[in-house]
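Asks: Listed here are the chains, written in short residue letters.
Number of protein chains: 2
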Amino acid sequence: MLRNLKVLLAARPNGSVAHTDFSIVEEEVARPGAGEILLRNRYLSIDPYMRVRMNEGRSYAANLAIGDVMVGDTVAEVIQSLNPEFKVGDLATGRLGWQRFAISDGSNLRRIDPSLGPVSANLGILGMPGITAWYGTLKIGRPAAGETVVIGAASGAVGSAAGQIAKLHGCRVIGIAGGERKCRHVVDELGFDACIDHRQQDFAGALAKAVGAGIDIYFDTVGGAILDAVLPLCKPNARIPLCGMIADYDSIERYGIKNLYSAIANRVTLQGFIISDHAELWPAAVTDLAGWIASGAITYRETVAQGLDQAPQALIDLLRGGNVGKQIVKID
Amino acid sequence: MLRNLKVLLAARPNGSVAHTDFSIVEEEVARPGAGEILLRNRYLSIDPYMRVRMNEGRSYAANLAIGDVMVGDTVAEVIQSLNPEFKVGDLATGRLGWQRFAISDGSNLRRIDPSLGPVSANLGILGMPGITAWYGTLKIGRPAAGETVVIGAASGAVGSAAGQIAKLHGCRVIGIAGGERKCRHVVDELGFDACIDHRQQDFAGALAKAVGAGIDIYFDTVGGAILDAVLPLCKPNARIPLCGMIADYDSIERYGIKNLYSAIANRVTLQGFIISDHAELWPAAVTDLAGWIASGAITYRETVAQGLDQAPQALIDLLRGGNVGKQIVKID
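Going down the list, the sequences are from chains B and R. The opening position of the first sequence corresponds to residue 1 in our numbering, with each subsequent residue numbered one higher. The opening position of the second sequence corresponds to residue 1001 in our numbering, with each subsequent residue numbered one higher.
No lab work stands behind these hints, which were simulated from the structure alone. Take these hints with a grain of salt, some might be off.
Some, not all, of what chain B presents toward chain R, calculated at C-beta under 10 Å [as the list claims (entries may be wrong)]:
#, residue
1, 6
2, 8
3, 61
4, 227
5, 228
6, 244
7, 263
8, 270
9, 293
10, 296
As the structure is a computational prediction, the values presented were derived from the model and not from experiment. C-beta atoms are modelled at their ideal positions from N, C-alpha and C, and glycine is treated no differently.
Just chain B, same shape as in the assembly:
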């Protein structure tokens, strides 16, 4: 008899996420009904948005209830199928949650092409984070050769891809990351032109010096004090794709942005987006990204935690900025 392992939301975090906000339960795996599929999750993606879903109320999607399985995308393998569209051994990604097994009618699954790269990459560079980077950089940022692009959380899954995509389009790319180790990775391995450590004392001064004549595009997954430092450095008609505010997620009190006046003075456009709105563009994005990986034009890194019981720690680490590249959990 297969036993399922599930990580549930046990309590809403009070500021930072704690282990006591989760509970791990074991139960019998349900049987798939007519038209359904039983999947075994192989990899779980750990992403900043999960922190938002742990709160009360709703954001752009409904938040979790206490006792719900934690939300998350996985790479999964079909192990039993009562659905003619899927056969045993097929690989797919979907929002199947923090659990070892899941049942689906197939409607929430996206089939994986294993020839495009390691299957786990479908949670990172070939999945939601990579596609977010592609869309925000190209469709909102609209980079022109010679422009200056600044990337918040440059060593993360989204930022590392966004900066490399901007480089491919002829931009000068400056990353922002926390700590020397990450900054070295961003310059030496990802090929950014520079990376500014936001933990240094005069961060705003160092950023201003690095950008020189000003910022044309700021790819923002961070918000907070970093956005406040960026706004006065923007050039006329700068674009800021907004897709995350990780600086605020784990705080009780949100940061107040004081430099929004610069968005007027510098004619800046800030545009919030949610990548799931743009499903029609995913195939084009994946084709681009897979091509760039295959040719070596862009690279990516994963931080892998071993075992589903390590998922809470992986999320805690991510929110503290502990990961380099895409944070995933390998599920036994």
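Please build the complex by placing chain R on the supplied structure of chain B, with the hints as guidance.
Replies: Below, chain R alone, put in the same frame as chain B:
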């Protein structure tokens, strides 16, 4: 001998503008040189941006130096001309400053067509504020019939025009203003569907109730706490033209915007703009606005202070929200 009267910046305001930040001087009028024009200013426009120019440093244009004539647009009459393009009696607007007389080579002047309306309207509905409302509403807001539009500072020169333009395009328009008198004006005279007093205790709750299903366009000249109340009420793909942050201008400490995360969750675009960037569109805007005034489709109001020595008080009043409609000064 003609005597000029000038209002100079005497000191930089420490927070709120005070009378001691200005000095009034009298001097002989200079003579126009070859190709130049001597103009007598008839009306001075009082606008929120002036407060920004009184600060140290620079914004989107250079700020004033201590001792400079205060910056401002006027309606002026040519009284002597050594420039073949202008003859005595011609009327023009230009950034000629807080003074009774000014000399120009003509390059900074825009000719007035007195058939379009009272000449003072070229400082309001037919000038920078009206054109700002036209551009922000139509080019950034892009209103569709049936959409819900919220207007900050709805009784002011820009807001009153923006809301009426949105009404003309079939929108439901909700104003925000300070105090019952202004709110009555906005509904009864300007024809907005509702107006919310931002001085009431539960302003955010009252606004939420008035907007119902959510905001499609927020025309922002205010920033601050009102923008923070608006962001969570935005519908998906809402547009926010940003052209002023009057809430901050007169403060020492700027307000920190805490709800920018809602711009992601609600897929909001915030776009800063400066109307002087779009000079090529001014003739089209003035044609539209003059037509709407002539047909009675839109209306406007002026608050007129008498005498150049009243200009400092007029700016102080404006920044405190004392005016209804366009604040101007009639220069003797």
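Asks: Which of the listed hints are not met by the structure?
Replies: Hints 1, 2, 9, 10 are the ones this structure does not satisfy, whereas the remaining hints hold.
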